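The listed protein sequences derive, respectively, from chains A and B.
Quick note: the first sequence, position 170, residue 170 per my numbering, numbers continuous.
Just remember that my numbering sits 330 ahead of the position in the second sequence, which is counted from 1.
A couple of the hints might just be wrong.
Stated by the list, open to error - No more than 25 Å apart at the CA atoms, straight line, and that leaves these computed lysine to any residue pairs for SDA-like:
{"no.": "1", "chain 1": "A", "residue 1": "Lys260", "chain 2": "B", "residue 2": "Leu457"}
{"no.": "2", "chain 1": "B", "residue 1": "Lys820", "chain 2": "A", "residue 2": "Lys189"}
{"no.": "3", "chain 1": "B", "residue 1": "Lys607", "chain 2": "A", "residue 2": "Lys297"}
{"no.": "4", "chain 1": "A", "residue 1": "Lys211", "chain 2": "B", "residue 2": "Tyr779"}
{"no.": "5", "chain 1": "B", "residue 1": "Lys671", "chain 2": "A", "residue 2": "Gln73"}
{"no.": "6", "chain 1": "B", "residue 1": "Lys607", "chain 2": "A", "residue 2": "Arg74"}
{"no.": "7", "chain 1": "B", "residue 1": "Lys393", "chain 2": "A", "residue 2": "Gly262"}
{"no.": "8", "chain 1": "A", "residue 1": "Lys79", "chain 2": "A", "residue 2": "Arg64"}
{"no.": "9", "chain 1": "A", "residue 1": "Lys60", "chain 2": "B", "residue 2": "Lys665"}
{"no.": "10", "chain 1": "A", "residue 1": "Lys69", "chain 2": "B", "residue 2": "Lys665"}
{"no.": "11", "chain 1": "A", "residue 1": "Lys189", "chain 2": "A", "residue 2": "Ser20"}
{"no.": "12", "chain 1": "A", "residue 1": "Lys60", "chain 2": "B", "residue 2": "Gln845"}
{"no.": "13", "chain 1": "A", "residue 1": "Lys297", "chain 2": "B", "residue 2": "Gln845"}
{"no.": "14", "chain 1": "B", "residue 1": "Lys431", "chain 2": "B", "residue 2": "Tyr779"}
To be verified - Facing chain A, from chain B, some residues (calculated, C-beta under 8 Å):
{"no.": "15", "residue": "Tyr469"}
{"no.": "16", "residue": "Glu635"}
{"no.": "17", "residue": "Ser642"}
{"no.": "18", "residue": "Ile689"}
{"no.": "19", "residue": "Ser769"}
What the hints assert, rightly or not - Some, not all, of what chain A presents toward chain B, calculated at C-beta under 7 Å:
{"no.": "20", "residue": "Leu39"}
{"no.": "21", "residue": "Gln68"}
{"no.": "22", "residue": "Phe196"}
{"no.": "23", "residue": "Ser206"}
FYI, nobody ran anything at the bench for these hints, they're computed from the structure.
Bear in mind the structure is a predicted one, so any value in this text is a computation, not a measurement.
Beta carbons: idealized from backbone N, C-alpha and C, even for Gly.
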Amino acid sequence: MDSLKELLAMKLPVLSFWSSMPEAASSYASEFDSLYYFLLWTGLGLFLLIVVPMCWFVMKYHRRDEHQKALSQRDYNYKLEVAWTFLPFIYLAVCFFWGFIGFLDVYTVPVNAKNLRVIGQKWNWTIQYPDEEISVSGQGVVVGVPVDENIIFTMSSQDVLHSFFLPNFRIKQDVLPGRYTTLWLKADKVGEFPIFCAEYCGDNHSNMLAKLKVMPRVEYDAWVDGIKNADISLSPKELGAKLYQTKVCVTCHTTDGTTKIGPSFKGLYGSIAELTSGKKVKVDDSFIKEHILTPSKTPIKGYPQVMPPFQGQLSEVEINALIEFIKSFK
Amino acid sequence: MSSNTNYINAKTGFASWALTIDHKRIGLMYLVSIMTFFLVAGVFALLLRTELLTPANTIMDAKRYNQLFTLHGAIMVFLVIIPGIPASLGNFMLPLMLGAKDVAFPRINLLSYYIYLFGAILALSSLWVGAIDTGWTFYTPYSTTTDGGVVLMVTAAFVLGFSGIFTGLNFIVTTHKLRAPGMTWFRMPLFIWGIYATAVIQIMATPVLAITLLLLIIERTVGIGIFDPVLGGDPVLFQHFFWFYSHPAVYIMILPGMAVVSEIVTVFSQKRIFGYKQIAFSSIAIAVLSFLVWGHHMFVSGQSELVGMIFSVLTFLVAIPSGIKIFNWLATMYKGSISLKTPMLWALGFIFLFTIGGITGIFLGTLSVDVHLHDTYFVVAHFHYVMVGGTFMAFMGGLFYWWPKITGKMYSEFWGAASTLMVVIGFNLTFFVQFIMGSQGMPRRYYSYLDQFQIYHQISTVGSYILGLGFVMAIWTLLRALKTGKPATKNPWHAATLEWTHTEVMPIEHNFHEQPTVNEGPYEYH
Ligand SMILES: [Cu+2]
Ligand SMILES: [Cu+2]
Chain A
1 MDSLKELLAM KLPVLSFWSS MPEAASSYAS EFDSLYYFLL WTGLGLFLLI
51 VVPMCWFVMK YHRRDEHQKA LSQRDYNYKL EVAWTFLPFI YLAVCFFWGF
101 IGFLDVYTVP VNAKNLRVIG QKWNWTIQYP DEEISVSGQG VVVGVPVDEN
151 IIFTMSSQDV LHSFFLPNFR IKQDVLPGRY TTLWLKADKV GEFPIFCAEY
201 CGDNHSNMLA KLKVMPRVEY DAWVDGIKNA DISLSPKELG AKLYQTKVCV
251 TCHTTDGTTK IGPSFKGLYG SIAELTSGKK VKVDDSFIKE HILTPSKTPI
301 KGYPQVMPPF QGQLSEVEIN ALIEFIKSFK
Chain B
331 MSSNTNYINA KTGFASWALT IDHKRIGLMY LVSIMTFFLV AGVFALLLRT
381 ELLTPANTIM DAKRYNQLFT LHGAIMVFLV IIPGIPASLG NFMLPLMLGA
431 KDVAFPRINL LSYYIYLFGA ILALSSLWVG AIDTGWTFYT PYSTTTDGGV
481 VLMVTAAFVL GFSGIFTGLN FIVTTHKLRA PGMTWFRMPL FIWGIYATAV
531 IQIMATPVLA ITLLLLIIER TVGIGIFDPV LGGDPVLFQH FFWFYSHPAV
581 YIMILPGMAV VSEIVTVFSQ KRIFGYKQIA FSSIAIAVLS FLVWGHHMFV
631 SGQSELVGMI FSVLTFLVAI PSGIKIFNWL ATMYKGSISL KTPMLWALGF
681 IFLFTIGGIT GIFLGTLSVD VHLHDTYFVV AHFHYVMVGG TFMAFMGGLF
731 YWWPKITGKM YSEFWGAAST LMVVIGFNLT FFVQFIMGSQ GMPRRYYSYL
781 DQFQIYHQIS TVGSYILGLG FVMAIWTLLR ALKTGKPATK NPWHAATLEW
831 THTEVMPIEH NFHEQPTVNE GPYEYH
């Protein structure tokens, strides 16, 4: 039976509607699916309840000659009207309560849990791990979490609205600027699951992806160590190159002299920059550091003021690494 | 009584149109404008679907894609579907069906057309300043920070709102004051009830949109913090305001569609409408409830669970009056004498597609299920089933139904039927797969996507071409009838409402030779 399902799903994706939910990776997701399939099957029933009589009447009472009159002019039936006004209440009440219970599950945060912080910004996610003292970020970033443990995401946005969406867990929550929202999950399957941004946020909205990597605890600890060590063993320039990717400087700055949204890094170090105030300054270590942390203090003439501030997101080591990286493009 | 003068040939020349206060001519001018915008926004849709054939750059980059889906949505919503049936068919038919010479305020009627035109020009001129990329929902703070002609587009929506308010006001007063002698409220055709309920929503909800958009404009131009958190505003507040209008707007869009279907179903079954009062009052119930459900667009926006719960309950309540209408239409067909002429085919298409739209609405009203489906293609499919499968199918049905009265010509039944079939097939192909994609987690407004979704996108795109062709065929069939169609008779469908029974083949300038009087209900087929 399962192989038949797979076959059908592969050959004719449309037929896979009846098993169309993505793999469920938490016990909540499995519960969710029961409700979803309940709606699907009862919905199909309701659909047939309307469309079958419709087709049947069309065939049976089809006008065969021009002058054929209706068989009846009856236009009211008390019992029928009452039935189709009040019976739907029962069905809808069931849907409502079932859905409400699930909704409470999604938004009632457990007490014992591991806390992660999520920051959304155009167009990538940053996840901070306060306990492990690491953070990961960038487009397509891998977010490691241990299996069978409660995880709470405390989320905020640096710019516009985003939405943190994990289809395999059937959960989603908008990420807002100026306010914290939370979401939690407890994965019961190991594996990699996509994370989408579900609230439209501009040009690269559809690339604002990440991957949740659910691992057994031991593997997870090793993953954390790996991230810690990776940065120490890199040379400053290598670390800079990595940050250039993960902190998405790459979306606005090139290294080959062409201008994207911001100025290219090629030949930047040591050049003279003109601020919007008309003031000219030399691009040296202090200037670069200040501009990365708080770009709005030194706005450069001729460019849109869209560079996000990295204050609080980069360590001293990382800033030095970025400066070395920029310096390397003469 | 000569039957060769009518509202078209009574006067000629550009000014006789541009300055007309004849509700029929104004209705026609609306119709032409609305159809033009429909074709433009439809072409945008086809471009979008073509881009989605591959996850990479097929024919445009991400920025262009975002601008196009914004334009597609904004034009379809504000210039096509909201004014759609009421401004064109409603304007033309409402006085005729009531037995009136014109609407209550003919000059305001003309004014609202020009306001509409002005709004449309504003909307399109935003292209020139820089096409906007906010989505038709203009969510803050994105819309207050992105560049492009946001202010122009928002002003356009603001202006268009007034056009709707004036038309709504006109219809309400006309219905109250200008009914033919003997036409009691319960002898009015159901089309009137639907248009009336729509008008009520329109004049009550639109001011809220106007205020919201005004606040947005103020924030963008003066920099006062209302919605943008950087300025100390609250971005979610905008969503509340916006949906307080835009959910009722969904019913501004669908009620007239239901109203048309009510007419077609009874006429083409030659049977009195079943549950007249139930259908009439369900329109009013929808109008009232529609104001209380806006929060169902925001279940995952961070609003409290209690609020979510209340909105979920109210949303389910709206489903009931819609269901009542469908069941009553079915009961009307029962033991009728059903003719499958083109208008009826559109109406049956409506019932078929709208039912799917309604049932998937129950999915979305169910709180926990909405958390998963919100902002995915499931939602996109759902509202297209309601707006296109519902409203637009009904609009086409209404056009085919009243075309002989409007133009005095019969169209080709064959091509009419063929185009309906094309539309229904193309439509399902386009949008049904989107339910599947959405349930699997494909978010909406995505320029690119994971490979696993490609096959669905491709099916959907092929479907959209068929759908596009179907609509072009339908419009072509209507236009061709002007030239080659057989002359119509006064009442080709044997309807019993005044616009058919008491007018010439094409109505004269003042509609009736003498004031009709009414002494029975609108659906007495003898
Ligand atoms: Cu996004
Ligand atoms: Cu709504």
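> Which earlier hints turn out false for this structure, listed by number in ascending order?
Replying inline: Numbers 2, 3, 8, 12, 13 and 14, in rising order.
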